[in-house]
Structure formats: C-alpha cells, structure tokens
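Peer 1: Heads up: the sequence lines are chains A and G, in that order. Numbering-wise, our numbering puts 191 at position 191 of the first sequence, and it's gapless, one number per residue. Numbering-wise, our numbering puts 46 at position 46 of the second sequence, and it's gapless, one number per residue.
Hints in this document: simulated from the structure, not taken from any laboratory. Just so you know, even glycine gets a beta-carbon here, dropped at the ideal spot from N, CA and C. Check the hints yourself; a few may be wrong.
[What the hints assert, rightly or not] Partner residues aside, some chain G positions facing chain A, computed with beta carbon under 7 Å:
no., residue
1, 72
2, 77
3, 91
4, 92
5, 127
6, 130
7, 133
8, 134
9, 137
10, 138
11, 141
12, 144
13, 184
[Stated by the list, open to error] Simulated crosslink set (PhoX-like; lysine-lysine; CA at most 25 Å straight-line):
no., chain 1, residue 1, chain 2, residue 2
14, G, 152, A, 74
15, A, 65, A, 3
16, G, 50, A, 156
17, G, 200, A, 74
18, A, 128, G, 32
19, A, 156, G, 71
20, G, 152, A, 156
21, A, 156, G, 177
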Amino acid sequence: MTKHSDILLEKKAKELFTERIAITTNTDAAQLKEVTDLMDLVHYKKNQIVINEGQIADYFYFIIKGLVKVYFFKNDKVVVERFEQEGGLFGGNFTHISSNMPGKYVYETLENTTMLKIKYSDLDDLCKRSHTVERAYRIMMEAFHNSYVERLYFFKSLNSEERYQAFSAQHGDILNRAPLKDIANYLGMTPETLSRIRAK
Amino acid sequence: MHKIKDREHAAKEMLANVIQKISPITASNLKKIIDKFEFITFDKDAVILKENEIPTYCYFVAKGIVRVYYKTDGRQIIDWFAEEGTFIGNLYGYITKSGFDIYESIEEVELLRATYADIEHLLSHVHEIERVARKTIELYYVQYIERSHQLKGLSAEEKYRLFLRNYEKFVSRIPLKYIADYLGITSETLSRIRAKELKKKK
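Model the full structure from these sequences, guided by the hints.
Peer 2: This is the structure we're talking about:
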C-alpha cells in the first residue's frame, strides 16, 4: 500500500470512528478531533497477535476493517471469549485499577485487519483537559460494560442451540468469516454439534 | 439501635470515602454529590427494583448485601452480589429506558440512593464529578469481567473456588441457594463440591 493511500485511509478511518463515537455518546463530532489527532492507523495480517497473553495493553484499538478473536487459556485449552469486528473497540487493560488484569486474554486477527489505535495514557491525559472527551469516554465505557452484562446474560440463560440462533441473528456475517471451530468454542459446543445445528 | 440520623451520617461518610478512593475530589464537589443521595432502609428479602422496571435510582450499599438477578424460563440467574461499599446502578438502562435486573436484599439493608436525573445533571455540569463517574465505571467494568466472565470455561469446582476468592469476606452471609444460582449449578452439585472441599481441608 502506498503512503498516499494510507493517508486517505487514515482520514476515512478517523471519520468512521468520529461518527460512531458521536452517535453513541451524543457528542459534537468536532469536539472529538482532539481524540482522533492522537490516533494512528495500523495494519495487521491474518492470524497475527495484537495483544498477547501476559502483555499489558497500552492501547485501545478501533477496528476499521477485519475480524479479531479474543480468547484465553484455561488449563492449556483455548476458550474463545468473543469476536470483535468493524466498529468494535478493544484493549486498554486498566492496569492502574487492577494489577491482575494483564495477561488473561489474547487478541488475534482472523483476517487482514486495519485499526486505529490510541495510547491509553494519552487518552487519560486528554480526559483531564477536556470534559467533553471524558464524558464521551465514560459513556463508551458504560456501553462496553452493558454489552458485557448482556453477553453474560446470553450465556447464562440460553442453551447451546438458542445461543447459536441468537448469535446468527446478531452477528450472522461472523458465522461466514470465522473458522467453525472458533465459533463452536465461543458458543460452548463441539464443532460436530454446531454442524448439526447449522444443517437444520 | 442507633438513631436514624446517625446511621444516615455514617452511610454518607462511607460514600464520601469510597468516592475519594476512586478519584480525589474537592470538598465542595464531593458535597454536591453526597447531597443528592437520600438514606433508605429495606427489610430482608425486599424487592428494591422490580423485574422490567426502568431504573430511576443509583444505589450505594452502606450496610447489608443486595443480590442483583434476572429471571429466565422460570429460573433465576444471579448476576452479582452488591456488598457494603458498592454502587448498584444501570445508567445505561436509564438512558435506553430498559432494564431486566431485579435488586433484592438478602439481609436488612441500609442504602443511599440518588436519581439518575440528578446524577446526570451533575455529570454534565462538573468535570471533576464526570471524572469520578468515569473512574467508577472503569473500575466496575474491570471487576465485572474479573468476577463474572471468568466463569466461562471453568468447571463447577473451579467456579466455586473463584467465588470464594472474590467474595471471601461475605461468603458466610450469602445463602447457599443463591451461590448456586450465581454459579449456574444446582444446589446438590454445590453441596457435593463443598463436602469435597471440606474433606481436603482436614
């Protein structure tokens, strides 16, 4: 990719990010320029690790294009925790809050992935200066928190077939983009069971 | 039995300490927050927020334990236990006018509560208070993941051991049935695990 096209892509990416945050947090888009000025465009190839187990996540990532698998190891077995796709945010392991936080999750691309990243400490400094940014960030955190609560609700209240139905209704495209074994792992079933349910 | 005024005062002092610990704040801004909270008590097993009720208040637990749960297919699933010094809130539910959580006391409880409308007003006007909210939500987000989502992929025994670690100080006050509902296992399975753990200790 040429430098020039990367500059255009970065501009487009920042517009996408601004639009998403402005809508979610009800913030004036112009006021988010201070945030996007601190962001850089990064590219990862398929099957690359963005944040590894044991690593402290210094950055937040916003996915422009691509798919990321979030997983952890439990007794040496992989447990897929979630998938993040276009428009998704991840990272920022909050080590200032809990020293146990680093190290649990691995973030790995399942496709070639383009993202914007921002350093947590830069965002934190900006929050100190800007009430608007701190507010937008707080509302984003609430949305994160809420999506976790909902995801847990989904796991605790549905059986595996219902989980598949709900997942396919909400994230149907991931079914075609992620490996079958990863989806089965995420839904808490064997690949054979998943194939059987899909055939129905 | 302490006078109600004394208990209210103690609760507000506790709230002030919790806030200061999360994010340092000037005395005048701290007072603005505290002044929005009113003192309220509930008996044991009282419903504080009903099923499908849109949340109006953010609560702070000064004394007692509240279980936060929801119902599905006639089963109840406990999301978490709110102990002394914690907030129970769903600002997102207030904004989106939705809510499926039920708050119920498992002991006599003393709470402080403030309306989301009042909180929202403070947040949008005072940056330092917005900062407190931001830090609080970050903290709760992290704790929530630590406590709840880690349960995924664990065996019943591992879940129970994790629960003991997370709720070490409060575990003796939480009925076994609720622990089973939190862990998503039957009371029988829980009894079996506890018997085994006890044997190990001997």
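Peer 1: All hints are to be evaluated individually against the structure, with a verdict given for each.
Peer 2: Okay, the hints, checked on the actual structure:
no.	hint	result
1	72	4 Å, holds
2	77	5 Å, holds
3	91	6 Å, holds
4	92	4 Å, holds
5	127	4 Å, holds
6	130	5 Å, holds
7	133	5 Å, holds
8	134	4 Å, holds
9	137	5 Å, holds
10	138	6 Å, holds
11	141	5 Å, holds
12	144	6 Å, holds
13	184	6 Å, holds
14	152(G) to 74(A)	10 Å, holds
15	65(A) to 3(A)	18 Å, holds
16	50(G) to 156(A)	20 Å, holds
17	200(G) to 74(A)	23 Å, holds
18	128(A) to 32(G)	20 Å, holds
19	156(A) to 71(G)	11 Å, holds
20	152(G) to 156(A)	10 Å, holds
21	156(A) to 177(G)	16 Å, holds
The structure meets every hint from the earlier list without exception.
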